[in-house]
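Starting from the structure of chain E, add chain L where the hints point.
Chain order of the listed sequences is E and L.
Per the numbering used here, the first sequence runs over residues 1 to 723.
Per the numbering used here, the second sequence runs over residues 1 to 723.
Rather than coming from a laboratory, the hints here were simulated on the basis of the structure.
Remember, identical chains collapse to one label, so a pair may be satisfied in a single copy or spanning two.
List of simulated lysine-lysine pairs, BS3-like, C-alpha gap at most 30 Å:
| hint | residue 1 | residue 2 |
| --- | --- | --- |
| 1 | Lys330 | Lys610 |
| 2 | Lys341 | Lys629 |
| 3 | Lys622 | Lys341 |
| 4 | Lys491 | Lys451 |
| 5 | Lys552 | Lys541 |
| 6 | Lys191 | Lys513 |
| 7 | Lys610 | Lys348 |
| 8 | Lys610 | Lys294 |
| 9 | Lys341 | Lys610 |
| 10 | Lys341 | Lys294 |
| 11 | Lys330 | Lys341 |
| 12 | Lys114 | Lys248 |
| 13 | Lys552 | Lys362 |
| 14 | Lys191 | Lys415 |
| 15 | Lys622 | Lys348 |
| 16 | Lys707 | Lys114 |
| 17 | Lys341 | Lys707 |
2 protein chains.
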Amino acid sequence: MKKWMSAAALLLPLGAASTALANEGMWQPHQLPALANELKALGLELDADSMTDLTAFPMNAVINFGGCTASFVSPKGLLVTNHHCGYGAIQYHSTAENNILETGFLAKTPAEEKAPVPGYKIWITESISPVTDQVVGAVDPALTGAAYAEAIEQRTKALVAECEAEPNTRCDVYNFHHGAQYFLIKELEIKDVRLSYTPALSVGKYGGDIDNWMWPRHTGDFAFFRAYVGPDGKPAEYSEDNVPYTPKRFLKVSAAGLSDGDFVMVAGYPGRTNRYRTAEEVQTYFETVYPQAKVLREELIDLIKASSEPGSDARIKYEGTLAGLANYAKNYQSMIEGYAKTGMLAAKQTDQDALVAWIQGKGDRAAKYGDVLAQLDGLVAEQWAHAERDLILGYLRYNQMTTVAQRLYRLAKEKQKPDLERESGYQERDWDGFKAGLERMDRRFDATVDKAMLHHLLMRYAALPASEREPSLDRLFGLSGQVDGAKLMTKLDSMYATTELGDVATRLAWMEKGPEAFEQSADPFIRFAVAHYDTAMAKEKKDKELEGRLLKVRPDYMAAIIAFNQSQGRPVYADANSSLRLTFGTVGGYSPQDGLVATPFTTLEGLAMKATDQVPFDAPAKQLELIAKGQYGEFGDEAVGSVPVNFLSNLDTTGGNSGSPTLNGRAELVGLLFDGVYESITGDWAFNPELNRSIHVDSRYMLWVMKYLDGADNLLDEMEIVD
Amino acid sequence: MKKWMSAAALLLPLGAASTALANEGMWQPHQLPALANELKALGLELDADSMTDLTAFPMNAVINFGGCTASFVSPKGLLVTNHHCGYGAIQYHSTAENNILETGFLAKTPAEEKAPVPGYKIWITESISPVTDQVVGAVDPALTGAAYAEAIEQRTKALVAECEAEPNTRCDVYNFHHGAQYFLIKELEIKDVRLSYTPALSVGKYGGDIDNWMWPRHTGDFAFFRAYVGPDGKPAEYSEDNVPYTPKRFLKVSAAGLSDGDFVMVAGYPGRTNRYRTAEEVQTYFETVYPQAKVLREELIDLIKASSEPGSDARIKYEGTLAGLANYAKNYQSMIEGYAKTGMLAAKQTDQDALVAWIQGKGDRAAKYGDVLAQLDGLVAEQWAHAERDLILGYLRYNQMTTVAQRLYRLAKEKQKPDLERESGYQERDWDGFKAGLERMDRRFDATVDKAMLHHLLMRYAALPASEREPSLDRLFGLSGQVDGAKLMTKLDSMYATTELGDVATRLAWMEKGPEAFEQSADPFIRFAVAHYDTAMAKEKKDKELEGRLLKVRPDYMAAIIAFNQSQGRPVYADANSSLRLTFGTVGGYSPQDGLVATPFTTLEGLAMKATDQVPFDAPAKQLELIAKGQYGEFGDEAVGSVPVNFLSNLDTTGGNSGSPTLNGRAELVGLLFDGVYESITGDWAFNPELNRSIHVDSRYMLWVMKYLDGADNLLDEMEIVD
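Extracted from the complex, chain E is given alone in its bound form (with noise of 0.2 Å):
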């Protein structure tokens, strides 16, 4: 039998060949500098140090959008992300009679920048302070469960009330390495934030969810925002008065774009990886709860569907619903795929059984971290033994009646304690943002679709063995014995007939009552929430035990990966956890199957051969018109052979980061990034360097819509754009 290569090596990543650091890691900026030789390999022009600094260019200019990310283009406060990110607020602007998230929109002046949505805002990073001691250090070791998981967050609240004292900051406290480390980062928080223009749907969104997390891909996934401060400068709720924002430091937008094998660095808020977690809890997510996941989700979309029709106001309402429930359901499918091809189960039981050699090793590891991993499987466990009925009581979140009278009885409970004793979401320093989601509901509301959710789900939750049931919830809606789904539907079509809480002044209203007042009150969603509460917290003190049972082994389990790591000289990077990050890599396709390559840039003309009239590959007739003339213009790539419209790159990102500025080595903009490909979804359980690549916009593409398709000259002409 001859030798050769496996036929794997050579699905080598095709940019990343010849690169000595590996593309793998979401860097703290404070790690840079540990890195600072590699990078400078890799393509780095800035000094690594320098990007350590928050309040300097480039990381001043990169803002953390709410569960995306977004940089400042211009001195004007002008800002860019993902049309995706900004979809919510495109939505909310649109009515049936002025679709602006179908045709788009431009203010060709401020002064027709949409009002913001409210509670939109966004933060900028200030600084990030370790703060482990004063958590960790500060809390008698002696406590265990649910009190240590509370003496925990006591010290996080009052670290976070100190910081916040300073006026329009937030503060939040973030747990790295589960546990192993606390840092205080601190943002500016900015509460005015328009719509400045926006591609249409057909540009924006091109592709749709059939596109979604594909390759080759074609999309125009950007939007521009703008913020806005009082005339002191300082942030400011939104006022006619107002003035653009001035940020300390913006990026410049590159016209020249990149070529294959270029470096590229991503800087943003990543929301969550799984890197580190057990081969058992690896096990129960793919084929337990990514799976039963999936078919809930695909049940919702199929009920939204089914009870509004495609275009009517209930439709639209529920369409950034429709489109986060099929971005999961999707994701979850190719998680599951993912798990059964790339034998991920096996690698991780290897790496774990590497490091229980190691602990099994010499020293007194054994010692140390002996039966660490024991006890975290038994925690995990214990998380899971109830995972189907967790898993639909989970989804009624989706349902905004339960939700919200459960949310507002919950306020008036907590209000009754001093601030800092209140449960994170319910304190002060949420108020603006919970009337803010109360207002908001209106246009993300439809009761016919909601009933149909909350029946759904309660005869999914009817349908499990007694062992799984909440005695509260069954007597509550009558799912005792055999259960009859129209007579649930008779009853829910009564609790939507009485309820009041569809009307926002309502729903403010009770915001500022007390427990008497929910506990006398005849509406039936309040009822509800009142008569469930016991259980609820029961539930939440439960979970709130294991947490803090999780919050002493995690970190014991962690200290032995990044021991066992080191020992090997390998950098340890923390999970995901929002916070802001970095990673770096370079430009190339990659082999997602054996026969075919993916290369890196996709073109005008690639766009132009999937237009289809129907929606989502009904591309604006005017684009097809330039494609067909190849007007160019000056975003032309000579290796590519026309506009490069969006590119691959083995950059190590995951949601979180949409939206995020992609970033050549002197730190101009050349691309957002949007997407990672359908192979890179398990990325983050486990990162493969051979499949995980994330998707961009190309800068030079969006500038072509922006000057030849949409005549956005006045932002333009406000953004400095470098060759």
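Showing chain L alone in chain E's frame:
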């Protein structure tokens, strides 16, 4: 505006960019000397002249496998073709108890080989002689319409009869360039062809209908048969005394295989192309015929599936029919998509405009060809005036009861004429095949399925407007007014309950009876055939009239096209017509769409990555073990890094080429042609060098499966395997 190469230019065939000869063209052997220099430059090592000798190497080893192609690969009459070409025979030998279609089959000795399927024959082309003068030249030029068509038919029948006076010979006059040229093709007919070896369905049809027409591909689409002759070496009917046939020539099989860019050629029997149709014909086919036919096929597929349980005897009987229906449903879908995407109609119109401009140029061209296009388009419009009705009634051929009854009665009627005047298909030379068809029907027929199809097609027909109806059909099945589906089914129930045509002896007995017996029969399907006879004959007469008119006009149109091409120095090959052709090109990938490149080889590891435990990706466990062990044996390829499974070339092939030997420059067998990629399906109408790619089984994969998976050492030993 800067100027660059267009993005389309980047899609150049990867392997062929530097070759001189366009790979388009299905050449007749006698045309090769004119291409000799170009073929040598491309990589042909044999003398092109030698390939015109059909009795010599390599052409004599190429076999007409009845709608497919095969080739001799041993001195003992062993021949190889595609699994999907042998599918019918393999299915014929499969039962629910011993399902060799599923398990595969290997005769360890010739005695174990499976007896021939009735009517299965193979043919070896012995000579191809130009006979245009004896056909067209011998017909009175004043004849028109049906009279002309019949006169041409009489001439070809006379030539065939004369040629077939020699025993064991099949002769046919083939029409080239749509009636401009005729060739008499003489073939040696071998009647005893036995199944020697087939891999399991999960190898031979790996990927099934999902992967059909697709790349990447991992199909082991091969099967082996053996030709037998009488003890005197002459073709003979099946007998235990028969001995393996000794072919004049056979092909060596390469274990060395090919690399990207290597020369390849395919010799085979491509069925039909439409490269010289008018723009109006293109539009009719792509906008009317294919869309309607696709729907009918999908309806029949659903119907067969709904009326036969998976795994049941009934379903097994219809697997071949289902495969055929699905194959072309997908083909038509691709046609429709390709038509919309590639601007085929516009390109055809441009070519046609150039032809028209040339005709209107100097000399006597306008006089010779001036009105030929208008005449042709007039006839085409007439031909498709009742497209939907004709398609629905055309698909009635899938209903076996009406078809067999009509064919039997027709035979009785034709027998009253002298043999040479009988309609083709009913002459004495056709009777053996006719009888075999009647016998085979038992293996392909289930009354419930057959009835469901008849009911469906009649209901479809009954929904047509009055202008499209045939009174005799309406009367016979009671289809006037508002048709009641249940009532029609009751009628069909009674017909199927009463008929005796389901019995093979009864069917065979009818072959011997005269028309009077039919006319007095009470069998409901015989009664249908008799009552519908005049209508069917009138339709046939009308079709023949049109055929005669087309036979006068198309040759003139082709003469104009040939003269136009010759004026540009372009050689002209004829549309495929199931006669022996050769096509030349290179191994190479392509870009199926912007942002993706198909690479030319797939691997064992890619096969394993596709594997699930579900049909059609249920690769045998033993195969997956061999792959996991990396047991490539002597068949691995260093550049590919594995055993190559399938590969791509830019050869110009179509249906009928299936099973064709793929040959290197020395005419060693390096693979078997078995499919084209999805984007090349429209190639039957317009060859696109950027997108037309053929898919081949790599000889190394075939040998690997034979040696390591199926232990077919007895066959490997008799083959001449070369490095």
